[in-house]
Amino acid sequence: MQLSALEIVRRESLQKLRELGINPYPAEEFKTTTTIKQITSNFNNFEGKEVVLAGRMMSRRIMGKASFAELKDASGRMQIYVNRDEISSEENPTMYNTVFKKLLDMGDIIGVKGIVFKTNVGEVSVKVKELTVLSKSLRPLPVVKTDADGKVHDAFSDAEQRYRQRYVDLIVNDHVKETFIKRTKITNSIRNFFNERGYLEVETPILQPIPGGAAARPFITHHNALDMPLYLRIANELYLKRLIVGGFDAVYEFSKDFRNEGMDRTHNPEFTVMELYVAYKDYNWMMRMTEELLEKVAIDSNGTSEVQIGEHTVSFKAPYPRVPILEAIKIHTGYDVAGMKEDKLKDVCRKVGIEVDDTMGVGKLIDELFGEKCEHHYIQPTFITDYPKEMSPLTKEHRTNSDLTERFELMVNGKELANAYSELNDPIDQRERFEDQLKLSAKGDDEAMFIDQDFIRALEYGMPPTSGIGIGIDRLVMFMTNNASIQEVLFFPQMKPEKKAIEMTDDEKVVFNILKSNTPILLNDLKSQSGLSNKKWDKTIKGLTRNKLASVNNTDTGLFVELT
RNA sequence: GACCUGGUAGCUCAGUUGGUAGAGCACCUCCCUUUUAAGGAGGUGGUCCUGGGUUCGAGCCCCAGCCAGGUCACCA
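Position in the first sequence (first residue = 1) + 66 = our numbering.
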């Protein structure tokens, strides 16, 4: 492995620490007495008291016999004051002069014991009496500095590096950590809301023989012992409804779903959806539940129901308007498409500038009209209701209009945040709807839809009237944390692998280094300079030429080796 | 999948018509006992994403590729 100069220095420091009898990676528990946030937010209670802290050293300002450093623990950052005569003495200044000033680096993890005080300029600090090395850091961190005006300098901002090395991102970019803390607050808030109502959190299979509950391309894998294909789930709907059949009144699951489709700033191949099913409820009830839930989530995570999303301030305060989808299309296109057949709908689409083709049925056309002409208008939370039957195969027919279904999507900031319905529980109707979907997909859709016979069998035993909802958790977190990209709310978004550098053996490195300073060179000179045996030499030079790092050329003046 | 933009030191970025690869921070040496983007003096550090090509000469121009970001398409 090729080490940078900075890495070599740190490895040398590591060695010197060991020579001084200091274990750079000690095994012992390090007992802290408090956290940085406790101290900085309750200075009066801590002033003059002794504390023990542990954390990462994020910066260091050395001023001869005294220094300041910034210590960062899981709760925050604070300054520590390190004085030669406090952690060592004039007669034996090793701990300060050598260990602290020379052998420690930014990024090292240390423990300190000392007294809380305020400096002349008023900064809360700890005067260190004892310093313990807890873990030596061998790679230099990016140096992010914030000036007196709060302006950040040299921010570690390259998206690729931040996502590939999220640990570095988390160390140096405090706001990133905040996003993920908020993410957990959001899911905790939802769990609390449901648990208080007695809803049961459950787990259902991720590996499924039939990927159902949505129209999406699945990932496929293979089970060796069963010698059969298995799919990673694209939704958990059909399993949760089986549990309602089984007699649970309300079940929910935070589920990682997987869809083998395009990736962009709002789509990751694996993502999280919270699905909830409650027996004896309908979609009207679900709307009331949803607005109550989201208002609570906003307050629990942000302290207020008003949330800034990009350039908009969005209010999650309940209630939210209910707009039937056909009404929305009438408002935003001027066309009343209620009851229209495929041909007339296509005319409308063409008139408003939407391209149509033969594979599009009534449902798809209405979906296009809404998606293109209406969706982006709904910035404030709005329930779009009563979708056409054709685009909702798992939804109960509308109680007053058999062309429609009892379904709503919740739109926020022009995007779908949740999708819910009065669940279809008529097993015969359900089978027909699945078959209709199959016909549709035969029309040209490449997402094969499977009929889950066991799911229909379950419905045949009888499922109570039930309302269900799926809430996109990543999208919800994006809204609540004002992030425009899903990658910002996933710790480890999917990335293509980094290209592997060609690894050289030790012998190859030796020869390569000689070549670097002297190329081309006579083959025999290179061989003798390398000091390798005949066999090793042969293996090494063949390795280098195979990897196209060097080449051997037969010329009039002899055999030469040169770098390529 | 198409198009646009980018990839240069540990980090953030300059880099002239194609002519010895730069700055700030970090790092190393030295000075400095309440500083704070600490300061002062000196110094080290490079696979210019990869591979070809053009050229006396390529970070720069051409071709192909890799990775990322963005826009669109596809997709809920």
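Be aware that one or more of the hints could be misleading.
Computed list of lysine-lysine pairs in DSBU-like fashion (alpha-carbon distance at most 30 Å, straight line) [claimed, not checked]:
{"#": "1", "residue 1": "K168", "residue 2": "K248"}
{"#": "2", "residue 1": "K362", "residue 2": "K347"}
{"#": "3", "residue 1": "K243", "residue 2": "K103"}
{"#": "4", "residue 1": "K505", "residue 2": "K439"}
{"#": "5", "residue 1": "K251", "residue 2": "K193"}
{"#": "6", "residue 1": "K383", "residue 2": "K505"}
{"#": "7", "residue 1": "K179", "residue 2": "K115"}
Honestly, the hints are just simulated from the structure, not real lab data.
Outcome of the hint check:
1. K168 - K248: Measuring from Cα to Cα gives roughly 39 Å; hence the hint is violated.
2. K362 - K347: Distance ~21 Å between K362 and K347 Cα, so the pair holds.
3. K243 - K103: 15 Å, holds
4. K505 - K439: At roughly 28 Å apart (the allowed maximum being 30 Å), K439 and K505 satisfy the hint.
5. K251 - K193: Roughly 35 Å between the alpha carbons, so the hint for K251 and K193 is violated.
6. K383 - K505: 42 Å, violated
7. K179 - K115: 11 Å, holds
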